[in-house]
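Listed below, chain by chain, are the residues.
Number of protein chains: 4
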Amino acid sequence: MSNANADSLVASHDPNHPANLICELCRLFYNNGWVTGTGGGISIRKGDHIFIAPSGVQKERMLPDNMFVMDLETKEYLRVPKSLKPSACTPLFLAAYTNRNAGACIHTHSQNAVLISLLYDKVFTIANIEQIKALPKLTEPGYLGFFDTLTIPIIENTAHEEDLKDSLEQAINDYPATTAVLVRRHGIYVWGETVWKAKVYNEAIDYLLELAVKLRQLGVPPDGAIGSERNTRVV
Amino acid sequence: MSNANADSLVASHDPNHPANLICELCRLFYNNGWVTGTGGGISIRKGDHIFIAPSGVQKERMLPDNMFVMDLETKEYLRVPKSLKPSACTPLFLAAYTNRNAGACIHTHSQNAVLISLLYDKVFTIANIEQIKALPKLTEPGYLGFFDTLTIPIIENTAHEEDLKDSLEQAINDYPATTAVLVRRHGIYVWGETVWKAKVYNEAIDYLLELAVKLRQLGVPPDGAIGSERNTRVV
Amino acid sequence: MSNANADSLVASHDPNHPANLICELCRLFYNNGWVTGTGGGISIRKGDHIFIAPSGVQKERMLPDNMFVMDLETKEYLRVPKSLKPSACTPLFLAAYTNRNAGACIHTHSQNAVLISLLYDKVFTIANIEQIKALPKLTEPGYLGFFDTLTIPIIENTAHEEDLKDSLEQAINDYPATTAVLVRRHGIYVWGETVWKAKVYNEAIDYLLELAVKLRQLGVPPDGAIGSERNTRVV
Amino acid sequence: MSNANADSLVASHDPNHPANLICELCRLFYNNGWVTGTGGGISIRKGDHIFIAPSGVQKERMLPDNMFVMDLETKEYLRVPKSLKPSACTPLFLAAYTNRNAGACIHTHSQNAVLISLLYDKVFTIANIEQIKALPKLTEPGYLGFFDTLTIPIIENTAHEEDLKDSLEQAINDYPATTAVLVRRHGIYVWGETVWKAKVYNEAIDYLLELAVKLRQLGVPPDGAIGSERNTRVV
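Residue numbers (the working numbering), protein chains in the order written: chain A, 772 to 1006; chain B, 772 to 1006; chain C, 772 to 1006; chain D, 772 to 1006.
The following block holds chain A by itself, in its conformation from the complex:
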């Protein structure tokens, strides 16, 4: 593909074009403290084209012209922006696309995710909080109910981000009902059927992680506090 054609892949006046959306969402994530210091990453799929933010750049200052584009089938880059490096998250994004048919994948360094990974061992679970209902069941249609338990696996970090691929895929296989994987001392990967679903899942999960951290600070067990005998039921 000629360079001019490659550039056309990321040039659009449509604010919902992946190259534009990635920039807009990263500004939002930056303001939430999730991708400061060049941390984190994001990828959106459009048909067989995968748009990926570059590595090591200020996520809140990216332009559509900075985006990599990869063909999902061939795994070849259709567009490589000048002077930029591909994201080390790319194999992990591909794991979500391939194993879960995701439409987008978000990776943040959210402090809530890092803290939870230091407070919980192999999985993070939370139950009986209304916000859980924003998350999908996945193994069957529909969303989690209030009395359901949300379970997110925690994998160990590796020296190189791309080396997370095997354990991430293992977690995806071991936990077919999860739409996210926590990486200890690192952050979180969240994906969804569309970019908006991935964004909503990431928001809802971060809300729950933050709440669980605060409950720990207050000495309140997430599943056994006041009103629990009347208000919680594990089904």
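No lab work stands behind these hints, which were simulated from the structure alone.
You may find that some hints are simply not true.
Just so you know, same-sequence chains aren't split out, so a pair can sit in one copy or run between any two.
[Stated by the list, open to error] Quick list of in silico lysine-lysine cross-link-like pairs, DSS-like style, CA-CA up to 25 Å:
#, residue 1, residue 2
1, Lys968, Lys856
2, Lys856, Lys893
3, Lys893, Lys908
4, Lys968, Lys908
5, Lys853, Lys893
Using the hints, position chains B, C and D against chain A.
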């Protein structure tokens, strides 16, 4: 009513039109972390027309065109936006309109509300904090005084939001002086005579919930701290 | 003065005109959580004219047209905006104008101020923190040094805000070096020679109050932590 | 140099011109709470010209016209804005320019920096957190790895900011791998090869300082929490 007429119910250049205000206020609430992950809801009444934000959408990205409109008398929808679901909060908003003649009702997933519901049992009370004076007495004209106690009932959550209706109405009846009800492990419902009063009450209450959480973190009893012998009086 | 003339007192294209500045600063204070739920207040003096924000309104939504204007000499209102009530803070603002020749006075319901008032008894003191250097000595020219102690008196709250006047004036007299007074379970009053100095003092004080709250949460004594034998000196 | 020529040093339509960038970045830092109450400072080098924000002004309200310009070789001011004082940080910025060939130097009063300086003694260290990878090795090419330890020296504060120069230079010499120095009870100095690197380093360090404070609040040792036997390795 023809579809064209129904659309005219939500089309206005007036920023204070309910369909416009709902969008503006939800962006504000989103920035406060009260309605992230599609959580929360809001409804404004204009005469006999009730404007209601739809279910399961990103609250900060709504457009006036997304609003449901219901007739308060007949409980029939005057307008149903395409492809959107009515809010599960609708019966709860109606409870505030019917039992309290409210002009607006706000529902958030504020973490302060959820935390307080896990720290207090059947009611949240706070006294002798200046911010209390932003809240109305309701059972008589005027506002609470500094030495008054603010009391907000806490009801248990249910699997389906609409099933909160009975206990919410019960709380409204049992606590005629309250302008809000906390829902354990869920959030808060706040209403007011006008949308601006509902907004101010919600802000003032969230300030007090946040303060009570911080006092708990610091080990300071809300009603018995330094200066209390000189500064607190229960009347 | 005719009504037309009175309106001209608050109509200006100059962003630094007191009626405009009050609106701008209150939006900033609102975003800091200092004046939510209609809380707080502000007044700016221009010559003998005192501009005062009204009582009980949303501070972030005020317009220049909402401002009261009072003559400092005669204490008579030169302008009374329609349907609005004068701020109950007015006698307290006057105390700062009269006793300290202030150019502006800011009142907030900052949670840091309320928390500190429940952690300290009659005065809040903090020493050996660089931010202290933003505050004036007042009893002599210049600013506090790093090794100086900042002392802010705490007065008891009253049922009616205007009744704080006597104890506020007493504190102003008893603490000639202070540019602020904390009100227990209520908030803080901060004044300065100009509106910008008042704004800077308020910001620097709130920073120090917040820091002192965090130190308490961490169990670190403000004046006796790591490095203190090398780094603190009371002069 | 004539005054007209001096003014031309800070007048540019290029948003990346140092005089413009200083203003933009300080607004960002202000919103992060790092330079409130006139605290903090920043300097950017362009060739042999050093641009420095003035002392004692509101950092979020500066204009390009407020900037000092100094010649790095001669240490003479090429431009002195009217009625403004040079920053007391100037000798410290020069220490970074001279000893490290920095392209920019940022100084903040970040509360995370002050808190960490009261929780750690002579150095702050943190290891095995992904965000560390945003920081350079300096003593060899490339960036820190996940299993590396970030070490930032802490120096004692002095009565006058310019008197920090000797201990700052000592720390720079003693810790050739550091790109920042913490000042106890004061804040932090961070520099980098370019202004963007300095900004990214400052963000990444503040993220790590904030995380370390939160771990302390939660009672979690930064280097010995859940998963540590599997996930941490000191190399």
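Hint check results:
no. : hint              : verdict
1   : Lys968 <-> Lys856 : between (27 Å within a copy, 16 Å between copies)
2   : Lys856 <-> Lys893 : neither (33 Å within a copy, 37 Å between copies)
3   : Lys893 <-> Lys908 : within (20 Å within a copy, 32 Å between copies)
4   : Lys968 <-> Lys908 : within (13 Å within a copy, 39 Å between copies)
5   : Lys853 <-> Lys893 : neither (41 Å within a copy, 43 Å between copies)
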